Amino acid sequence: MTKYVGKRIVLALVTLFIVCGITFFAMNAIPGGPFDGEKAISPEVKAEMEKRFNLDKPVSQQFIIYMKNILHGDFGVSAKTGRDIGKTISTSFKVSAKLGAMAIITAVVFGVILGSSAALTRNHLPDRLIIFLSTLISALPSFVLASLLLLTFCIKLKWIPVWNPKNPNYILPVISLAAYPMAYITRLTKTSMLDAMGQDYVRTAKAKGVASWKVLFKHALRNALIPVVTYVGPMIASILTGSLVIEKIFTIGGLGSKFVDSITNRDYPLIMGVTIFLAVLMVTMNLITDIVYKIIDPRINLD
Amino acid sequence: MDNTNNNIDQMPKKSPFSMQIDLQKFEKATDEEKHQQEVMSNSSSFFKDGMKRLKKNPLAMGSIIVLILIVLMIIITPHVIPYQYSQIITVDGVRDKSASNMAPLKHSDLEKEYIKKGGKVFPHLMGTDELGRDYFVRVVYGTRISLTVGIIASILVLLIGVLYGSISGYFGGRVDMVMMRIVDVIYSVPDLLMIILLSVVLNEILDVNSFPFMQKLGTNMISLFIVFGLLYWVGMARLVRGQILTVKENEYVLAAQVSGAKSGRIIRKHILPNCISVIIISAALQIPSAIFTESFLSFIGLGVKSPMPSLGSLANEARAGLTTYSYKLIFPAIMIALITLAFNLLGDGLRDAFDPKLRR
Chain G
0 MTKYVGKRIV LALVTLFIVC GITFFAMNAI PGGPFDGEKA ISPEVKAEME KRFNLDKPVS
60 QQFIIYMKNI LHGDFGVSAK TGRDIGKTIS TSFKVSAKLG AMAIITAVVF GVILGSSAAL
120 TRNHLPDRLI IFLSTLISAL PSFVLASLLL LTFCIKLKWI PVWNPKNPNY ILPVISLAAY
180 PMAYITRLTK TSMLDAMGQD YVRTAKAKGV ASWKVLFKHA LRNALIPVVT YVGPMIASIL
240 TGSLVIEKIF TIGGLGSKFV DSITNRDYPL IMGVTIFLAV LMVTMNLITD IVYKIIDPRI
300 NLD
Chain C
0 MDNTNNNIDQ MPKKSPFSMQ IDLQKFEKAT DEEKHQQEVM SNSSSFFKDG MKRLKKNPLA
60 MGSIIVLILI VLMIIITPHV IPYQYSQIIT VDGVRDKSAS NMAPLKHSDL EKEYIKKGGK
120 VFPHLMGTDE LGRDYFVRVV YGTRISLTVG IIASILVLLI GVLYGSISGY FGGRVDMVMM
180 RIVDVIYSVP DLLMIILLSV VLNEILDVNS FPFMQKLGTN MISLFIVFGL LYWVGMARLV
240 RGQILTVKEN EYVLAAQVSG AKSGRIIRKH ILPNCISVII ISAALQIPSA IFTESFLSFI
300 GLGVKSPMPS LGSLANEARA GLTTYSYKLI FPAIMIALIT LAFNLLGDGL RDAFDPKLRR
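Protein sequences, first through last, are from chains G and C.
Each residue of the first sequence is one higher than the last, beginning at 0 in numbering that gives the first Met the number 0.
Each residue of the second sequence is one higher than the last, beginning at 0 in numbering that gives the first Met the number 0.
Read the hints as simulated data drawn from the structure, not as lab findings.
Bear in mind the structure is a predicted one, so any value in this text is a computation, not a measurement.
There is no bait here: all hints are sound.
Lysine-lysine pairs mimicking DSS-like chemistry, simulated, CA-CA at most 27 Å apart: (1) G:LYS293 with G:LYS6; (2) C:LYS304 with G:LYS79; (3) C:LYS105 with G:LYS155.
Looking at chain C on its own, in the form it has when it is part of the complex (with noise of 0.2 Å):
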């Protein structure tokens, strides 16, 4: 109390609340102080919005590394690594015959008295495999075949699906429901007998030769690629109806209606941007599955046509020499289990960052 009524006379007197504050006790703000007043964030769109939600989430942006770490292999490897996918280990020109079914990073007895003499081999970082061929080559090639695969297969669901999708929302009434009673049929069929049966016969009737881009990857790859065109696009259909006629139903797309704007600014700026989310994360989950499936076809012997590997067919090579060679398998099972990881959690990455209604 004292102290108040000793200074009594520097405080300003305007109200006599002010009589209990000592202001000699305050300071002033500095500029930095000041300026964390100012609340406002920078404009923010979107797209920029999602991707630092997807910044934030340790797992997805892990997958990304993983992803671009193995696309940086697959473009490298070839490059660096002086030996081809199909080719036979050859020592100073002689097929070495030894250097089949070798153990990672050893080497044949011909390369050793190459390399006492004092020539280069390269290691093989996984060994070689039953006919002496580079075993990390032929797994890489065989990882860049089956991203390949499953890439060109979710984009062919992606195409047809929202294709057929936005036709079916978009007109709604009869040509909705006669569309979506032909994706019912379609869904209900058995899709991966359908493939297997396909790829039976079409591997019979198709001529590879007429399609000279696929010739490496043979007959089957391109009934893998046909049965995905014809089968596996009805999920992706459905979801691209059901957001367009979901979204079509909300207000704004009614503000927007009533405040005159065209059916194709409605569309391309209302309903496009928010199915796009939805639509890509289900693209990007695509990807694995399509690799299940080729994996799966190598495994009961239509898959790739050799020698072009795929992880699939690597991993049932991998079967006959489980015994002694089983790094043989757990290699490409690795590569297979990192990719499909890495894509599974990036999708629901992107689901969290892009779709907060989807978040559970």
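Just chain G, with the same shape it has in the complex (with noise of 0.2 Å):
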């Protein structure tokens, strides 16, 4: 066991230190520094700058300071608007984890929900709706999924009223993000679930007369889930990958659509940012998932 989450572990921080090495030096491959504006500065003005920002120092040692100063919680500064990157994404990643979190929870809940009930009555009519909802739904992008739940809700039938920072209504963007981790958890849930009740100690505990509420939930239902707890992780990053769309389209100001801003304005630093915050966040999330799947699972050897 420790020898397996020692593995994880330095697997992970070799992951993150790949990806931070790949996010540096691509954005340093990008012709043209930050300092090649519209204004022409004088050269010397330019190298104070450059002096300034530890751009006169070879790429390799700038990476070195780089590396640091992240690992002091400092992201730099926005090339466009001058502000602190680290300040930015903790205001604004609040706001996305709070959408991300619900978003999680509800796939989470109503995911099993529906998959357990597909899996009990199998083959049936509630069975075969359910399947059929969970295959349309993750045959549609969430971008699409949100801009049809926003036009038929928000401005056909104005249920909903639409984002407002001050009054937010999570409705529509915590359905459209959770949509396609909650099909995708309904199946896995209803096939492991099939597998869980076909299992012997099912038939035995069913066999010592054990109530039938009891089979389901204590010995069905909680082996039915170890294959879940496996696709939190990939959910996770699933979740925060959506977020970027997601917010953009109900004009969300969270940490994604402020990522797609940066996009769009080609602000470096703070793109270089948001993706190692992310990446680091994926990374941590998945490494937890699979300790935690190892510690609840002792059955499953996964080396």
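Now that you have both chains on their own, put them together as the hints suggest.
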């Protein structure tokens, strides 16, 4: 166990180092410096500025300085607004984190409920309906789904007000973010639930006279949820990247829409900062998922 | 009882049991009925078997039909419809300024006049966009781009993944370990973030003119393919390696080795046919995921170069006039959903048909 955890941590650290490396050197490969703006500046001023931002040093040294700064929580300043990127990330991530957490809870709760009801009513109407809907939902990219929801419920039916930072209504953004993972979890729960119900221990429990709800929740569902745990890591990644477009559509000022704006504005330091921040988040979540998975199911041999 | 006694002379008296059976009541079997007893079926190959099962799956067959229809539409449309994807509608040689943002099947004022004069105007099946370009043609070209991107990306993934995975699985040992550690690292890199990052960068440093065939698609698509080639093959490589490792351990491989088959023959006849179904299914399922990625990139402004449309960029552009021109979102959305659904259902059907082990 300790060996496995150690191995996973080393792997995560190597991955993060590679991601940071790719991000830094890729951004450095872009021609043109930050001071090649519209206004021509004298060479002396430029040299002074470059010295101040360590741009006169070789690239490898710049990378070390950048990494050191990031480890201290200093992501530098935005090339467009001059604001501190660390602060921008922390303020805008609060909104995204709230949205993401709600989406994760929605996806897991509804996915598990729908998936197990599909498994229990196998080949009957509820099962067919649930599987049909989840297949349909997973065929639509999240931004198309979000636009369609916005069109139907905000514009045509006027049931739900358009996003307003002072009085936010999370229903539509959460649905659009949660839809794809929910459909996935539904199908995952259905197959693993069917699998668990066919196991010997469920039959034994039934044979010795355990109440059927107890068999369902204690023996079948608990074991059926193990594969769902493995999906939590990828789900967080998909919700984080999904929030890039969802926030843009609903004009929510979270980290996602900041990131998309930074791409449109070619604000390289901000792109770098957000990429590294999101990558750290995703890799950490994957690491935690893998370790938790190993803890709750010791039968699994991941090597 | 009377009956039996009456006919007792006509009955063969071989065994005492025949006393109780009235043979008169039996009929001779006709040739046709005799034929039914021949239960031997024709010999069947692995492929034929799978196809037979596939044909029984209505969802998979429906998906194949839908995909064929879409491909036919892509091929036929440019020959039938007299508009280009980047062409602003002109009536009688005059640019039609009133023809922007028309609803499906409507004609602009200029076109109506022209029709009154006796001219022929091809109907705009899906209306026009904000620049006055025929929307149907744009959706068809968008479908073409999205499908092409999906197929090229999945072929790339297939080639690299199969090559890498089979080398790793075949050699095993230390080679396998090192190769799989590399895969582990790439696998845990957040792929979509890297795609965004590399698209931003490659956009600046790549020169489209060095890839003449890609000129119309723009640098973003080149970077998309590069990134797919760099990052997305790892899933395929893991799959292929795992398959080869398990298949290698099977008794029939051992039996073949014992009976003196050469390793080339074992790979061709025993290992590959048992892996290929899984590989092809996962390649088929890669296509919608590539289309999703492409539409995602188009959405955040890193997609195909305008005026070339893709389904993602069309859906994105449609958001601007969502309130008034909602059909502009709905058409590309339907196309994306159709393609993705068809490939997903086909992939599931193929898996059920060719890989009964995986069936759930």
